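> Residue-level listing of the chains:
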Amino acid sequence: MKRSLAAAAAAHAARVAVAALAAIAVAPAYAQTSSKARIEAFAKLPDWSGLWEPNVFVGEGIGQSLSASGAQAGLAILGAKVPFNAEWQAKFDAAKQAADAAAAADPNHPPAPAHNNCGSPPFIMNMMSPAIYQWRITPEETTIVDTINGIRHIYTDGRPHPPKDELWPTRAGDSIGRWEGDTLVVDTVAIKPDILLSGFTLVRMSDQLHFVERMRLVSKDELQDEFTLNDPAALTAPFKVTFSFKRVTDTNRMIDETECDSTTDRNPIVNGRFTFETK
Amino acid sequence: MFDAAKSVTLAGTVKEFQWMSPHCWIQLLVADPAKPDAPPVEWGIEMDNPLGLSRHGWKPGSLRPGDKIVVVARPLRDGNPGGQVVSVTTADGKPIGNTAEVAK
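Heads up: the sequence lines are chains A and B, in that order.
The opening position of the first sequence corresponds to residue 3 in this note's numbering, with each subsequent residue numbered one higher.
The opening position of the second sequence corresponds to residue 3 in this note's numbering, with each subsequent residue numbered one higher.
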């Protein structure tokens, strides 16, 4: 008995020693293995490199005029009928009536969007703005960066959303994703409710607002993002809308478009002063 | 705000070119040929943002005070001297940037 206890103690001591050695050895060995595994994980991911802009804004003129195809694409999105329930439809109708009346009363000063022009607009408008977008795909996360101060972190490391008591509404919400082949399926919750889509400027959605997106390349130069919006408190059925992004070919730069003073939205470079030109 | 059905052609002198977010502006002094003694009228011409303009070949120094240019714009509905740019050329008709036309 004593012998076996001694043997067990020895075995335990040996295990502790092995564990300690492993702990010492872990750092360099882990880095080596992880790097190789990570490179392999990268190799399995699709290539969405390059710059992208919503098809609505392809061919935009120097005065922000839309091309014919862009205007058509915009109308298709903005004109989509949202299946509000009776309670939310009434809210929407009242808000629309008020907005139409305000616009009719003063056509020179139509009501401005509610969000701060210096920041990225809230989700989902942040995905359909006159801006350039980049998808940075890594095994752990896809990050969508745009030129209007927007950034979306989509975690693809298998984590769930945080528990409800650790979530609060933000512009981009909380996004987790998974790859289904070459399609990135993104689940977003905790979104600020003042979203802008199909008249959403007019009504706030409920705190049950939830988006599922399916992002994929449909051709070398077109990336599609199919949104399914659900809000059981406000809608009678999920609402689907597809955004299309076209590859940008006339610039290779991401330039911040929202650099502006927080009170005036203005930070002018007047007559070319403060530029780096060598003249 | 702007009347998309109308356009005005303004031959004038650049007072100021503001390269800024969210939108760039040209402050343009336009004399009325019918009133040679009257001071020129200052027009505010709204453009796209700097990134959008740079994609059309514009630069922060594309216009300088004193430059003579011709601007086609959609005028303000309320009749004030302001508009949304459609195209900009030099006085002798050369486009500024790589396109001066409204997009296809």
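In short, the hints are calculated from the structure, not lab data.
These numbers were taken from a predicted model, which means no experiment stands behind them.
C-beta atoms are modelled at their ideal positions from N, C-alpha and C, and glycine is treated no differently.
Where hints are given, some of them may not hold.
Stated by the list, open to error - Sample of chain A residues facing chain B (criterion: CB under 10 Å; computed from the structure):
#1 Gln66
#2 Leu80
#3 Ala82
#4 Pro85
#5 Ala88
#6 Glu89
#7 Ile134
#8 Thr149
#9 Ile153
#10 Ser208
#11 Asp209
#12 Gln210
#13 Met256
#14 Ile257
#15 Val272
> Against the earlier hints, flag every one the structure doesn't satisfy and list their numbers going up.
Hints 2, 3, 4, 5, 6, 9, 10, 11, 12 not satisfied by this model.
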